[in-house]
Amino acid sequence: DQQVKQNSPSLSVQEGRISILNCDYTNSMFDYFLWYKKYPAEGPTFLISISSIKDKNEDGRFTVFLNKSAKHLSLHIVPSQPGDSAVYFCAASSISNFGNEKLTFGTGTRLTIIP
Amino acid sequence: NAGVTQTPKFRVLKTGQSMTLLCAQDMNHEYMYWYRQDPGMGLRLIHYSVGEGTTAKGEVPDGYNVSRLKKQNFLLGLESAAPSQTSVYFCASSYDRTSGWSEQFFGPGTRLTVL
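Here the protein sequences come in this chain order: A and B.
Under the working numbering, the first sequence is numbered contiguously, ending at residue 115.
Under the working numbering, the second sequence is numbered contiguously, ending at residue 115.
Bound-form chain B, shown alone (with noise of 0.2 Å):
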């Protein structure tokens, strides 16, 4: 049980570049969710998913775009890379909340710099 997974770990980009950060959890969650945590800032939802094909901006939407094709895969897109774009990307997956307060589960995050 590897809970959630992120790749790669590490990303060097230039200004302009695209690049797909892919996050795969096995928990069998419905929901999943991109954060980015720059410093003083804490962390900021980017998009979230409630279900496969089904997704949905959160607080940073811009400059991001993000598919759940699979329940298991939430992948998050940046189709031309800008330096305000350098962060730490986490994922996260949680369980349905129907019944309270359900734990989100985070990946070990994604260093992005763009230059």
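Next comes chain A alone, as it looks inside the complex (with noise of 0.2 Å):
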């Protein structure tokens, strides 16, 4: 069973407008999350994150939004700019038993920005 998912597969915005990347969770445990974005042939890189206890986060175009009683959050990216067209990958935290990060990946959005 996935506990956390991205249902929109791709996504187009046009550039200049605001980018929603939307994501749900099943687990109450996971105590963080978090978005990265990969490009073609390379590794996932940090975007963002955003502690369970807060309800928003922002870092210049980049905002997560958290709302824990629909165990939802969501990216915003605004505005949008042709660079940001890549896949963006939520990510929920949780600390295993010896202490370290355990991240669950949802499946990705891609995100095509139009110029």
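The set of hints was computed from the structure by calculation and includes no laboratory data.
Don't take each hint at face value.
In silico negatives: residues of chain A with every beta carbon more than 12 Å from chain B [unchecked claim]:
| no. | residue |
| --- | --- |
| 1 | Q14 |
| 2 | G16 |
| 3 | I20 |
| 4 | R61 |
| 5 | H72 |
| 6 | A91 |
| 7 | S96 |
| 8 | G99 |
| 9 | K102 |
| 10 | L103 |
| 11 | T107 |
DSS-like mimics (lysine-lysine), calculated; alpha carbons at most 27 Å apart, straight line [unchecked claim]:
| no. | chain 1 | residue 1 | chain 2 | residue 2 |
| --- | --- | --- | --- | --- |
| 12 | A | K5 | A | K71 |
| 13 | B | K9 | A | K37 |
| 14 | B | K57 | A | K5 |
| 15 | B | K14 | A | K37 |
We treat Cβ as the ideally placed atom computed from N, Cα and C, and that holds for glycine.
Take the two lone chains and join them into the complex the hints point to.
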């Protein structure tokens, strides 16, 4: 059973407009939520995170919103730029028995910014 | 500072052959991880390591073995490759999580095809 879901496999947005990527989760024990960005033939790179005790975190053009009651988070990119075209993975973090990070990833959303 | 590197970048195997994927990191990270990425599945954790000589199973460990003889290296082995192991494999590493969430840094990936 998939604990982290991204229901939109792809999204196209006009340059300069807002991109909104969505993610749903089922496990209430996750304590951090993250977004990773991935370009073709490269590894994922960290974009932004949010603690489960917050409802918003902002970093430049990127803002992540968390709605714990709905078990839903979203990533807003504004304004969208051509370089934002990539696959975005939502991930949820929990601590293993050894005390390290364990990430559960969603299936990804391919964002295409149209010039 | 190369970050996380993976060897090889591409490999084609025949069913039943064995191989080892090498991951190296130069950030003195304690924790290292192996993931596989399949279409429509996101990234799934295979095995991880919490220090030299200590490894643990992730979400999809069957058919794989790992070793961490040196802190900077994490090896992923396939003893008898199967077509179901055709995938892109990513290695990642991270710091200790004791002071909160810790970013995972990913390598560029190894594309493996099993015929």
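Checked hints:
no., hint, verdict
1, Q14, "holds (27 Å)"
2, G16, "holds (29 Å)"
3, I20, "holds (19 Å)"
4, R61, "holds (19 Å)"
5, H72, "holds (17 Å)"
6, A91, "violated (8 Å)"
7, S96, "violated (7 Å)"
8, G99, "violated (6 Å)"
9, K102, "violated (7 Å)"
10, L103, "violated (6 Å)"
11, T107, "violated (4 Å)"
12, A:K5 to A:K71, "holds (11 Å)"
13, B:K9 to A:K37, "holds (20 Å)"
14, B:K57 to A:K5, "holds (22 Å)"
15, B:K14 to A:K37, "violated (32 Å)"
The structure fails hints 6, 7, 8, 9, 10, 11 and 15 (numbered hints given earlier, in ascending order).
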